[in-house]
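Student: Construct the complete structure from the given sequences, taking the supplied hints into account.
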Amino acid sequence: MVRASVAAEKAGVRAVSIVASGFLRQAEAVARALGAQNLAVAEYPGVPMTDSKEELQRKVEEVLVKNVVAGLTTPIAEAAKPAEPGPRDIVFRGALREVHEFFYRNLWTEGLPIVPPTTDMVDEFLAFAARPADEVIGVLLPENREATVWNVAVNGVMAGCRPEYMPVLIAVVEAIADPEFRIEDAGSTPGWEPLIVLNGPIIKDLDFNCGSGVMRVGRQANTTIGRFLRLYMRNVAGLRIPPGATDKGTISYTFNVVLAENEDAVAELGWQPFSVDRGFQAGDNIVTVQSIISISPPTYSGGDTPLDHMETIAEFIGRRAMAYKTPSHAHYGKGYPLLVISPAVARIIARGGWTKEDMRQYLYKNVKAQAGILEKLAWQTGLTDFSFCKAVEQGLVSKDYCESPDPNRMVPVFLRPDWIGIVVSGDPERNQSRGYVQNQKQGPPVSKKIRVPANWEQLVR
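Take the sequence shown: its position 242, counted from the start at 1, is 243 in our numbering, and no numbers get skipped.
Don't read these hints as lab results, they were simulated from the structure.
C-beta: ideal position from N, C-alpha, C; glycine also.
There's no promise every hint is true.
[Stated by the list, open to error] Once the Cα atoms are required to be at most 30 Å apart in a straight line, the calculated DSS-like pairs of lysine-lysine come out as: (1) K442 - K335; (2) K335 - K249; (3) K67 - K11; (4) K60 - K249; (5) K442 - K369; (6) K205 - K249; (7) K335 - K366; (8) K391 - K366; (9) K391 - K442; (10) K377 - K400; (11) K67 - K249; (12) K400 - K369; (13) K366 - K377; (14) K11 - K249; (15) K400 - K442; (16) K335 - K377; (17) K391 - K54.
[Said to hold, decoys possible] Computed spacing ranges between beta-carbons, pair by pair: (18) L308 - E55: 46 to 54 Å; (19) L384 - S213: 38 to 46 Å; (20) N107 - G271: 48 to 56 Å.
Tutor: Below, the structure is given as structure tokens:
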């Protein structure tokens with residue numbers, strides 16, 4: 002809403018943003034970052050989706066209309082954007098505990114201790130970049146700040162990364178800086194977190210875990226690069242929880258460690274790695290970043306046929322853990338669920354002659370939920386005009402979603418089979434899978450190739 006109002010104001014059209022009480026500080030912060038600090042805002046008092054129709058109407062008539070009129074008629078004063086320190090400016094000198102306190106007060110950390118980013122340490126990271134320090138990778142909303150090779154290195158140091166991780170860090174930032182990723186939506190109320198999926202020989206080069214406990218904090222590469230992304234989104238994109246104001250995740254959760262695929266296990270199955278599904282060549286070093294809004298429970302499946310496992314995955318990961326996002330995905334015409342299966346499960350499925358495409362087709366055809374229940378959930382989420390039949394008319398989903406007007410009809414949980422991601426990772430001795438739910442057009446999977454220095458093999462010995 003605020004971004005649209007800023008665009009209108011810059012085009013010479015007076016605008017006012019209607020904002021519920023809980024979003025006032027976020028609206029102010031976004032407007033300030035876009036150079037419109039005093040943008041007109043009309044407050045709706047309270048939470049619209051928990052008000053009765055009568056209360057909603059009363060608030061609109063008695064409060065909101067007056068606020069809109071005031072916003073459109075009050076003169077707007079321009080405000081200058083505050084200056085920031087230069088890349089090599091020394092911002093603080095002191096003992097380690099004093100450094101931590103200074104960074105925390107300035108909202109530059111997430112509350113955990115950091116490695117102070119001295120210029121010498123940053124230069125060590127830049128030696129692995131093979132790119133100019135001042136190269137601009139992109140501009141990140143909501144604070145409209147440039148992502149540069151330099152500030153990638155600074156945040157990498159702070160997160161506890163090793164210098165040789167720098168090519169991965171740059172590729173990760175290239176992914177979130179891609180307009181397709183929509184980093185500006187990472188502060189939305191669902192509170193989604195990005196997940197980095199890693200493929201290629203660099204998994205072994207940098208000692209990533211792709212076995213037991215793959216998603217647990219513990220291995221330096223997986224952990225610190227996951228932390229780096231959260232720090233970078235905070236310090237460069239500007240997504241901060243209170244006392245910041247640009248991250249409105251209602252409850253949320255914390256950063257994901259890097260999910261590295263077990264490519265040796267994939268090769269033994271005769272399958273191709275996830276990166277090939279994303280359009281790259283096997284053997285390429287690739288990062289894929291996508292939003293994750295929730296994670297299914299660990300789901301155990303048993304048996305010696307593919308169907309034994311797929312029936313369990315379909316029911317407990319597909320229908321029970323993922324169906325709640327189907328109306329949102331249908332409304333926006335996008336949805337990219339991710340299925341992570343242990344090598345033990347993948348082995349049975351592959352041994353039975355199934356490919357990953359067979360798995361996707363099975364899930365699309367067999368995982369369904371009741372349309373009426375999902376449409377009610379859409380209304381409660383705030384999609385008050387949503388219906389599956391309307392989404393079909395708009396060309397956002399297939400005709401499978403509107404075979405009849407019966408609210409009890411069953412509709413597919415997954416929009417398209419080819420949008421279901423499948424990664425093989427985790428303990429090879431356990432029969433477990435997990436589902437990762439993605440958040441529609443916010444944070445769709447974006448993949449980038451990792452560019453390593455020409456002397457990479459010598460550098461990582």
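Student: Could you run down the list of hints and mark each one as holding or not?
Tutor: We went through each hint and held it up to the structure:
1. K442 - K335: With Cα atoms ~6 Å apart, K442 and K335 stay inside 30 Å; holds.
2. K335 - K249: The given pair, whose Cα atoms are some 22 Å apart, holds under the 30 Å limit.
3. K67 - K11: The given pair, whose Cα atoms are some 24 Å apart, holds under the 30 Å limit.
4. K60 - K249: Holds, at roughly 23 Å.
5. K442 - K369: Measuring from Cα to Cα gives roughly 21 Å; hence the hint holds.
6. K205 - K249: With a Cα-Cα distance of about 37 Å, the restraint between K205 and K249 is violated, given a limit of 30 Å.
7. K335 - K366: 18 Å, holds
8. K391 - K366: 21 Å, holds
9. K391 - K442: 18 Å, holds
10. K377 - K400: At roughly 20 Å apart (the allowed maximum being 30 Å), K400 and K377 satisfy the hint.
11. K67 - K249: It holds: about 26 Å lies between the C-alpha atoms, which stays within 30 Å.
12. K400 - K369: 14 Å, holds
13. K366 - K377: With Cα atoms ~23 Å apart, K366 and K377 stay inside 30 Å; holds.
14. K11 - K249: 26 Å, holds
15. K400 - K442: 21 Å, holds
16. K335 - K377: Holds, at about 20 Å.
17. K391 - K54: 23 Å, holds
18. L308 - E55: 46 to 54 Å: 53 Å, holds
19. L384 - S213: 38 to 46 Å: 40 Å, holds
20. N107 - G271: 48 to 56 Å: 53 Å, holds
Going through the hint list in order, the structure does not satisfy hint 6, though it satisfies all others.
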